[in-house]
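Starting from the given sequences, assemble the full structure and let the hints guide the process.
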Amino acid sequence: MRYLPHTDDDISEMLKLVGAPSLDDLFLTIPEDCRRKTDLKLPGPLTEWELNDMMASLAKSMAVSPDYSVFLGAGSYEHHIPATVSYLLGRSEFSTAYTPYQPEISQGTLQAIFEYQTLVSLLLGMDVANASLYDGASALAEALLMAARVSRQKKVAISSLIHPHYRMVLRTYLEPAEFEIIELPYLPNGTTDLAKLGSIEGLGAIAVQSPNFLGCMENLKAIGDLTRGTKTLFITSFTEPMAYGLYKTPGAEGADIACGEGQSLGIPQSFGGPGLGMFACLKQHVRSMPGRLVGETTDMDGKRGFVLTLATREQHIRREKATSNICTNSGLCAVTSAMYMASLGGTGFRELARLNYDKSEYLKKELNAAGFRIAFAAPTFNEFVVEFPAGADGLYQRLLDRKIVAGLPLAPYYPELPNHYLLCVTETKSRENLDALVRELKG
Amino acid sequence: MRYLPHTDDDISEMLKLVGAPSLDDLFLTIPEDCRRKTDLKLPGPLTEWELNDMMASLAKSMAVSPDYSVFLGAGSYEHHIPATVSYLLGRSEFSTAYTPYQPEISQGTLQAIFEYQTLVSLLLGMDVANASLYDGASALAEALLMAARVSRQKKVAISSLIHPHYRMVLRTYLEPAEFEIIELPYLPNGTTDLAKLGSIEGLGAIAVQSPNFLGCMENLKAIGDLTRGTKTLFITSFTEPMAYGLYKTPGAEGADIACGEGQSLGIPQSFGGPGLGMFACLKQHVRSMPGRLVGETTDMDGKRGFVLTLATREQHIRREKATSNICTNSGLCAVTSAMYMASLGGTGFRELARLNYDKSEYLKKELNAAGFRIAFAAPTFNEFVVEFPAGADGLYQRLLDRKIVAGLPLAPYYPELPNHYLLCVTETKSRENLDALVRELKG
Amino acid sequence: MREFAGATGLILQEPLLFEKGKKGRSGISLPRRDVEPAPLDETLTGNGPDFPDLSEVEIVRHYTHLSTWNFGVDTGMYPLGSCTMKYNPKTNERQASLPGFAGAHPLLPAGLSQGALKVIFQLQQALAEITGMDAVSLQPAAGAHGELSGMLIFHAYHKSKGSRRTKIIVPDTAHGTNPASAALCGFSPVNVKSNERGVLSPETIAEVMDDETAGIMVTNPNTLGFFEENIRKIAEIVHARGGLVYADGANMNAVMGIVGFGDIGVDVLHLNLHKTFSTPHGGGGPGAGPVCVTKRLEPFLPVPRVLENDGTFILSHDFPQSIGKLHAFCGNVGIMIRAYSYILSLGPELKKVSQLAVLNANYIKEKLKDTLHLPYDRPCMHECVFSDKLQAPLKVTTLDMVKRLMDYGFHPPTIYFPLVVHGAIMIEPTENESREDIDLFVDAFKEVVREAGEDPRQLYDAPFRSKFRRLDETSAARNPRLRY
Amino acid sequence: MREFAGATGLILQEPLLFEKGKKGRSGISLPRRDVEPAPLDETLTGNGPDFPDLSEVEIVRHYTHLSTWNFGVDTGMYPLGSCTMKYNPKTNERQASLPGFAGAHPLLPAGLSQGALKVIFQLQQALAEITGMDAVSLQPAAGAHGELSGMLIFHAYHKSKGSRRTKIIVPDTAHGTNPASAALCGFSPVNVKSNERGVLSPETIAEVMDDETAGIMVTNPNTLGFFEENIRKIAEIVHARGGLVYADGANMNAVMGIVGFGDIGVDVLHLNLHKTFSTPHGGGGPGAGPVCVTKRLEPFLPVPRVLENDGTFILSHDFPQSIGKLHAFCGNVGIMIRAYSYILSLGPELKKVSQLAVLNANYIKEKLKDTLHLPYDRPCMHECVFSDKLQAPLKVTTLDMVKRLMDYGFHPPTIYFPLVVHGAIMIEPTENESREDIDLFVDAFKEVVREAGEDPRQLYDAPFRSKFRRLDETSAARNPRLRY
Ligand SMILES: Cc1ncc(COP(=O)(O)O)c(C=O)c1O
Ligand SMILES: Cc1ncc(COP(=O)(O)O)c(C=O)c1O
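Protein sequence lines correspond, in order, to chains X, Z, A and P.
No gaps in the numbering here: position 140 of the first sequence is 296 in this note's numbering, and each next residue is one more.
No gaps in the numbering here: position 171 of the second sequence is 327 in this note's numbering, and each next residue is one more.
No gaps in the numbering here: position 403 of the third sequence is 390 in this note's numbering, and each next residue is one more.
No gaps in the numbering here: position 263 of the fourth sequence is 250 in this note's numbering, and each next residue is one more.
Treat the hints as calculated values from the structure; they're not laboratory data.
For glycine and all other residues, C-beta sits at the position ideal for the given N, C-alpha and C.
Just so you know, not all the hints are guaranteed correct.
Here are the computed lysine-lysine pairs in the DSS-like style, where the Cα-Cα straight-line distance is at most 30 Å [said to hold, decoys possible]:
#, chain 1, residue 1, chain 2, residue 2
1, Z, Lys377, Z, Lys439
2, A, Lys148, X, Lys477
3, Z, Lys459, A, Lys433
4, Z, Lys377, X, Lys559
5, X, Lys216, P, Lys105
6, P, Lys9, A, Lys433
7, X, Lys193, A, Lys433
8, P, Lys9, A, Lys356
9, X, Lys216, A, Lys77
10, A, Lys9, P, Lys9
11, Z, Lys172, P, Lys354
12, X, Lys193, A, Lys105
Just some of the chain A residues that point at chain Z, by a computed CB distance under 7 Å [said to hold, decoys possible]:
#, residue
13, Arg19
14, Arg20
15, Ser84
16, Pro86
Right, here's the structure in full:
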């Protein structure tokens, strides 16, 4: 086997040195009754070539562009990924290294992450960002846990327009810790109804997502105004950070914590993972933050360099008192997103965000003209909800047959929204793709 | 444009420094009547994404595995290429460097080529190999030119079973230099007829290909015995060096020069190029050799290192008296093939060669059993000629419709061989592929 | 003297992104604009991020330079104990980047995503077979996430029995994630010590196990590199008081095909695909931390689960006792594809992997035990743990020694973990290292120890050859600068 | 002082392949054997090559280490004059490795290879437009191969006129491949000198052009970086005596969209796709050297040619006057795909490429001309040529200076070429370098020159930072060791 360098001679000489008559004898410290009686029943071993064939045929069964025109967003976004990014992150010095515990020979990762932290802070308008968490959903859960630590309150209000999966994840995280979770209803314009907020006492955090699950921009400013100067932390979650290329940042609107999913920024969709949990907050909360942080320092020669820092927040030092249990995070995805953001630059980021918006508005307009109702009036970025005529299932299925995935049916998540579909339009869709969708919808 | 870093400010400041009012003014040293009057009429610029789409659709129109079962060899061979090789040669330190004229910062290329030279020498059983030529065809032409220099004879005998394209190329190279080229006929067993050789005076070189274009192993020993101790150089050409994993090497059989195509050794087929001109000879001829050579030396600290050497043979020193005009060669392909050979190792090389042989013999046997005639009796490696029933065109076409390319029709090259097809079977074909071919052929 | 690989050469400096570039450059191809600009609500509009603008060449050189400052598994031996820094096969990368996988949206209808669902399903089955457990969820995104899932399952299990337990037994050799994960579920860790053999005694457990205790978290093989030989007995004790047994399977690389965890009393176990199953660590992730359970705990696994029905795969949420979701979608599918490729490439030969990993570790232990203090002198599993006790009189620490190892061309082992060994040096070579390379590593360590005796300064100031010298971690923490 | 990029860091040693490995290891996945071994003729059978056996990890580390000893375009500025070391876009690599291209057999029936044929055809058209020539063959595998094709066309042309000419005019500034290629076709080069402006005078040509002379080879822009301003006049002279004009287009990067060569009297021209059209040099190839001709020479182009017929592409051999074949198949298609991708990515913006390449070169010329001797002080095209004349009194040579440049983090320029400038330093920045990076290069060169004055030893012994120090080329040639 090509991964195993030991020749028979190597094995017998090494066994001799360690004083074991055979490979099996190496395991004598495992009691007899703990050893398995049966051999591993596994497929394989396959040759590299059999593996290639098998994986190629599995991959082929997946509905992806260019064969399929997929108008799905809802937490995972199809954006173009430059060949440079794929090449660079494939350099094995990045991909095969461990967490940079030995900074002298890990400065590549460390500087890249420090730059990532800076880019994320700039993008979200926040003071400081960590080195990543698993994904957007767990990032939001961590944000709520952190808010509870900071505010010493376990009562939180969350928007019902936060991604339904994220809400499931945060319930998983928070329920054993006995949080009280209040879900805020939504308004007919597709944004969270904040009316109730004034009357709730002792809130540790208010969390909304913007753009929210219906694609609409939330009124962040209103919440920021509400929480400013109180003990309640304002958490902005997101699934599509590209929106902040166009819209005001969470920081500018008064968020204490901004967190969400960074897959959109140059990371392949990969059927949902690995993603990138982005997490940023205000400076004063930094010691309550979960996750790793890279900080600037100098080496013995006085040269600028970077290290993992503020580790006293972390599990390997603080154990059960740590700010989070996270250890391995999404390092390479963070570096990927940094490569992507750096490739775009500020100018490109703005332009690309605008293009996403304009294409999505174009489709809105065309759908409208074709007689379909755009369900919510609030401004959107690259996703919006359309209402199809009653019995839309058949229509949706017909489009699938024509290799168009016409968005996500919302009824499973919001039963009150039958025949509503969440459509996503990124820069990957040409005007012709959009026109074709409308054409097919019209029948 | 992302490849051009100049901002408008950069341009105007730089123009100021060089004293040109505008970019156009940079070209004032070009006389007015030498400047073109019209703009470039070119498609594009395409975005990276448009390019991806366009190239993907062009590539899709090509008949390649796994969609097609291609039994073509004839100078280009489908072998499995490990993912490691693709990754390693894609490291830009290898691919984006120039010819290693500055050895202090090119030792990666230099050591890799030195190892390549060694691997090639071992594979061909020769004393020394150069750093590569363009491809197998030009390598053979260079071999004949070299033989003429060494032997001071411009009369050469070449086998008519050398790849027809190679014979065309060598005529292109040799005719202006007024060589006399004698083509040797072939025997019914599929090998070159050497009978005439004894009666030809003043031959500078005898060149055969083994395995030859019909897939048959030539009787190299007989030629070696003939030329040993004479002024005539014995040149062995090849298109499938993997054969020497199984069969005796050209060196062992008495060749003075062994040269040919190395694509087979880990290099993608790429519709015929880039390939790898492999070129090796006996030590005594090294100063007549074409092409670059890497040699061992030491650096100022006494550390072993490598440099380009014996450059006095080359055009940049010797100009019109050089042993060849070659400058840029096939460096990265040479490194690729070294990676591939090193990955196989001696043990793997032998095993893989044997597998090619065995699979090809299996197909022979099955075709035979199905009533098809194997045209030539001499031993083969992974290619052989089968005779289909009269009117084979229709059969061939029918198989094409079923996505099987049933070898190469030989009639265009050897009109005396109508309905003869050259079939190639490498390790990429499973027994099931071979059985399917026979099944389809039987109809 | 042997020639070691450590040496120096030209490696370029590179400023921060923010010190480069000029407004108006671009490092990306912007898609063609084929629609008109649409009106925009100016009150909501911002300015876009103030990133520097760089050309593509600048970007490529920037990250190429940074990459050369890193040491990876492809650079050389990376014997980080507990981390299983094995070779990351390139063919796995090829599979994960197939457009059908890399470009797949997670909410595609099941009928249009059979390939990915099949990979998930079959990987679950393979991991169940390898661990000897009954059911697997691939949703957790890393080891600690797997632990959290496990603790949530403990919590849900006890809740389903109508009880709320508040404590959990955690040995002193455990990784920090164990108590941290337990704490997230409201369990207070009860620390227990390992015995003089470096393993847990049943008596110790019997002493602390009670009806308030949800169970125990054991790392097996543990972080001292020993198999917890009393695991069956311990499990009996814990089970007898209504508790559950959690195994941290981070060290699975030692026992594939050797131990079936379901058979020895383990109820829940997590794996690290980025350790045992060869997926790259990525400089800190992403990984994947599948959680494996026995039949009786299967109802609690996270949703959605992938089910098979006559060769068709679906995602099901229909598990009312489930702990819920842990990840926005199905977990780190890109990592799963790599791990599955690895498992398919090895098949039953995975047992050989463990055998050779254990052979390599014992070989190092034997060869270094006269040079370094070996706190537990007995056969080890996939890793061995030394200490700096013999060097202490010279005022040379573990840190000094391993920094100097870098100059010889090796990545340091894990240090100061597990906490129970003072100045621990935890060496895990993995099965991928050849005997020659291990010999070289051993010789290098001996050289370092010799230097410690002769000229400790060489060690205090090491490394000398790396691009960066020792970095001041104290001032970084005292005055944190976390962004440009 | 400015901070330059040159620095050192850990770069590992690596023995030769032949000093590694052990029999029985394998670095590859051998395909499954699904057929029986067949009988073998033992008299023909050999032993297989005596290669070392290495594991996959050993292979990966071996070549990873070697790669770190190289300086590439992605490492930094690589201002090799005449070589056009521009950035090699990664997207081009993606296109060339598409399985449909990379896996295609060259003898596929035309109907099954339309994609590749179309790329070839359209690239030919694009190159014809860019050069202002009428027809193009992509068969030559490199620049010198293109020159050979050109000389063969000269030869065939004269033969078709019933004459056999034996001489060819080649300026002293020509690249060595020019006379070498001409010699292959039986032409003896007649050397001519350029004038005090660094270009050819019509008078010089008129003096030597005669009826035995097949024509002239001009590099334009020439290797001094100047446009041969008398080209039209020279062409007239040559044509008047029945000769042909060959242009070495290696320096096309200066004049895309600026000069149409067909219009100014050039009959044949070659390009280097690995220079102007961004394909990687690969540490010495592979490249591609298309040959472009005017209408009247089209019949002589190599076969097969790609023809279009109603949107369908075929390969035709039906050109009886053709010089024949130069390559086993259609040439280096993998390189063509990259070049075509580049041309499509730039389109008419290729003119901007030339403008900025020329701007960068002139900028360097202006900034360095007080530091280094500039033999021809006039506006240049894409490159500028200095000499070491000012440093000669210090006994510091061009070689010394450029070796020291490495320590500052730059690849040296081309040196000692063209031969007409003693101690030539030929700098071609290409359009990809930013102004900041050029400024840094200029400052570094100034530092080196300062050092030359203050401490020449720093230069004699340079480089210091590279993995290897200066290598002994003399003893390598005296006692050649060409294999292990
Ligand atoms: C024993 C042990 N348990 C758990 C973990 C945590 O795994 P992860 O980093 O994937 O969260 C580690 C990782 O270092 C470990 O070594
Ligand atoms: C001016 C000039 N002509 C011709 C050539 C030869 O090109 P190639 O190396 O592709 O054969 C070169 C390459 O260095 C050159 O600079």
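Of the hints given before, which are not true for this structure?
-> 4, 7, 10, 14, 15 and 16
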